[in-house]
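Turn these sequences into a full structure, and let the hints guide you.
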Amino acid sequence: MSQFEKIYSEYKHRVYFFVKKYIQRDEDVEDVVQDIFVHVWKYVHKTDHPSAIEAIIFKTSKQEVANFYRKNKLVLVSSDQNAIQDTEDQPSEELYTEEHISKIEILLDKLPEKTKELFIQNKIKNLSYSQLAEENKISKVAIGKHINKAISFLKINLH
Numbered sequence: 000m001s002q003f004e005k006i007y008s009e010y011k012h013r014v015y016f017f018v019k020k021y022i023q024r025d026e027d028v029e030d031v032v033q034d035i036f037v038h039v040w041k042y043v044h045k046t047d048h049p050s051a052i053e054a055i056i057f058k059t060s061k062q063e064v065a066n067f068y069r070k071n072k073l074v075l076v077s078s079d080q081n082a083i084q085d086t087e088d089q090p091s092e093e094l095y096t097e098e099h100i101s102k103i104e105i106l107l108d109k110l111p112e113k114t115k116e117l118f119i120q121n122k123i124k125n126l127s128y129s130q131l132a133e134e135n136k137i138s139k140v141a142i143g144k145h146i147n148k149a150i151s152f153l154k155i156n157l158h
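Residue 128 in numbering that gives the first Met the number 0 sits at position 129 of the sequence shown, and the numbers go up by one each step.
Read the hints as simulated data drawn from the structure, not as lab findings.
Don't take each hint at face value.
[Unchecked claim] Below 20 Å or equal to it, Euclidean Cα-Cα: the simulated PhoX-like pairs (lysine-lysine) are:
1) K139 to K58
2) K19 to K45
3) K154 to K122
4) K144 to K113
5) K122 to K19
6) K61 to K139
7) K41 to K11
8) K20 to K122
9) K45 to K70
10) K154 to K19
11) K70 to K124
12) K70 to K113
[Unchecked claim] Here are the in silico distance ranges between beta carbons for each label pair:
13) Y42 to P111: 32 to 42 Å
14) K19 to I119: 35 to 45 Å
15) A65 to N135: 26 to 36 Å
All of these numbers come straight from a predicted model, not from anything done at the bench.
We put the CB at the ideal spot given by N, CA and C, even for glycine.
Right, dumping it as structure tokens:
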């Protein structure tokens, strides 16, 4: 069994459930998990240390989930619109997207300022937990709590 196969069999379930926390549709989760392991396959030969491999896997997982959201903003909107019958008058995709973005902005304004700021820096400006922790002089765990609080709040209030 190759090194990659060992890593895949050891981490596939953990990675799947990690990604499932952030992405609802199983098909999308499977696609993201596949992208994660493709990335791991490219870089696994650069290290043999188990903790480094785990760090690579979960950092890649976070990045791929963020990439999924970034890439699929408009696709998710259009797939929702496809559920509406073609005979109905549909709002333009751009208008719907602007309304959706406005709703997100309003919801973000309801968050505590620090949580909002950290969420935007992490998800929009793509700063890592480590960078945010260093800049704000708080732990990465605290950063994660702020980000998760914002994500949970948005999930609850956007549906």
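Hints broken by the structure, by number, lowest first?
-> Structure breaks hints 2, 9, 12, 14, 15.
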